[in-house]
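*Asks:* Spelled out from the first residue to the last, the chains are:
Number of protein chains: 2
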Amino acid sequence: MSLIVVGSVAYDGVETPHGKVDRMLGGAATYIALAAGYFTPVKIVAVVGDDFAKEDVDLLASRQIDLEGMGRVPGGKTFFWAGVYSADMNDRTTLRTDLNVFADFNPKLPESYRSEPYLFLGNIQPELQRSVREQMRSVKLTGGDTMNYWINDFRPQLLETLKAWDFLLINDSEARLLSGEQNLRRAAAKILEMGPHTLIIKRGEYGAVLFRNGCHFMAPGYLLEDVFDPTGAGDSFAGGFIGYLAGRGVAVNNGNLDFAELKRAVIYGSVMGSFCCEKFGVDRFRTLTREEIEARYHEFETCTAF
Amino acid sequence: MSLIVVGSVAYDGVETPHGKVDRMLGGAATYIALAAGYFTPVKIVAVVGDDFAKEDVDLLASRQIDLEGMGRVPGGKTFFWAGVYSADMNDRTTLRTDLNVFADFNPKLPESYRSEPYLFLGNIQPELQRSVREQMRSVKLTGGDTMNYWINDFRPQLLETLKAWDFLLINDSEARLLSGEQNLRRAAAKILEMGPHTLIIKRGEYGAVLFRNGCHFMAPGYLLEDVFDPTGAGDSFAGGFIGYLAGRGVAVNNGNLDFAELKRAVIYGSVMGSFCCEKFGVDRFRTLTREEIEARYHEFETCTAF
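Chains as they are written, first to last, in my numbering: chain A, 475 to 780; chain B, 475 to 780.
Quick caveat, the hints were computed from the structure, so don't treat them as lab data.
A few of these clues could be false.
Note: identical chains are not told apart, hence a pair may lie in one copy or across any two.
[To be verified] Below, computed lysine-lysine pairings styled on DSBU-like, alpha-carbon distance capped at 35 Å:
| # | residue 1 | residue 2 |
| --- | --- | --- |
| 1 | K494 | K528 |
| 2 | K664 | K528 |
| 3 | K737 | K614 |
| 4 | K664 | K494 |
| 5 | K737 | K753 |
| 6 | K737 | K664 |
Please put together the full structure from these sequences, using the hints given.
*Replies:* So, in structure tokens, the structure goes:
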């Protein structure tokens, strides 16, 4: 019972008010897989160049993340992104995007991946997301992410792709752009007519809102004392969310999806996103334990119950 | 067992993307009193000019809001403020501030007010807030609001005033300015060393956080489908918060203040702030019922429990 995660594996250069790292492991699929790996076995579908370091392979492999689906292009270079955050870390400016081998990413799933039940489609071209979904034979829960660029410039393809998804997990500005509605509740209602029956809207430090069947659930963001680097927080949220559901075997059953489990998944998403910000890049996941995750989950309970 | 509310009673001119009203009843004390009035008897300390309309007196009086402490200056004009909101209503620009009779506001409490147990000091000059506090003989719970101007230009006076308060209720940017800390949790820790043992930080549409004794409680903002006019939402929050506590007889007892009741008070604050936005100015409070308030409180429970 594994989770298939599709998306970028990359190197990032990041500057925040707390420091600067020129090159470190990054990419959406990396964060999603590392976060989800605390809850469920994960198999990655991605592509890297032959500059991808053995220590980074080793980190992923040490978490029982299957890398058979991670292609390596001889002579190619791994996707590189660099950015700098504003003083309050609520905005960031991209300094460099070298797609490199990611420009020709055309995911082909290994045979051993195609019968897995859980699929998370990270932010890539919508038609590639659709192609991956179609390669899966018996998926029980499919969802994913997208971004402004695809919403603006690949809208028909994105809308076609979304029809086959159970859930969509995007941030508030993407939800507004996709729906054309400024108000979040109206935006959610419109998006839930596009295909996914479940929608999670991330609001950065302010948490997330889950929408389904005319109900919604609001999770606050964890109040961190120190935010070192927000890079990957949204992807770590996604990993915690889908990882928890996969680990619990939660799937659509006769059109039903357990709302109580979905709410817990959103809290685990917030938990994983909050840990991600505590160190640079993926560093927090090098030491994070399941016990710390459970302790923070219970802190969420304490801080929100009334 | 009444609540004394001190602050501005005003006329406002407001423009939002949903419409424009040239002159309508406003002012912090007005919103606080109207919201608190659903939970407890209220007595207002304020000043108006002789242009203050009978229909506005009647509205307040109809809610059993005592107006003995609302001075009327013959030949004077009531405080007038006008502003325009941005398209997403997260920012507003002040177009006009005519202090008028409010410029010489020097609150003197009627004798019948001085033995009441609850006091909310709306946003006025800190030394005036202190003077009011000192006129009270047996107050059991004191708290209030302030703003950037007093934090920047009347800092010593404000710090002296805060020493006698049980709680401070401000928004996130004010908390950052007052503490000199960008991070909300660190900001709260610093402010709790200034005097108030309880701090509520409002975060606009994102809700509020209550800090006390090393604990915190996070309340989300209600997801409104239509925000017509955010004017007064923060003051309505304050009214719901202190009104609930006063109505329940919650006060400091041997240094203790019931945290469970404080959490409920924060939710009632959010509830009252959310209703305020549904119509222009105070209009929503003309028709709002206690039953609607309870229904929304329960909606908060449903949307946050996990």
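*Asks:* Each hint should be assessed against the structure and marked as holding or not.
*Replies:* Here's how the hints hold up against the structure:
1. K494 to K528: within (23 Å within a copy, 63 Å between copies)
2. K664 to K528: Neither. Shortest intra-copy (45 Å) and inter-copy (46 Å) distances fail the 35 Å Cα cut-off.
3. K737 to K614: Close inside one copy (19 Å), not across copies (40 Å); limit 35 Å.
4. K664 to K494: between (40 Å within a copy, 28 Å between copies)
5. K737 to K753: both (26 Å within a copy, 32 Å between copies)
6. K737 to K664: both (21 Å within a copy, 33 Å between copies)
In this structure, the one hint that does not hold is number 2.
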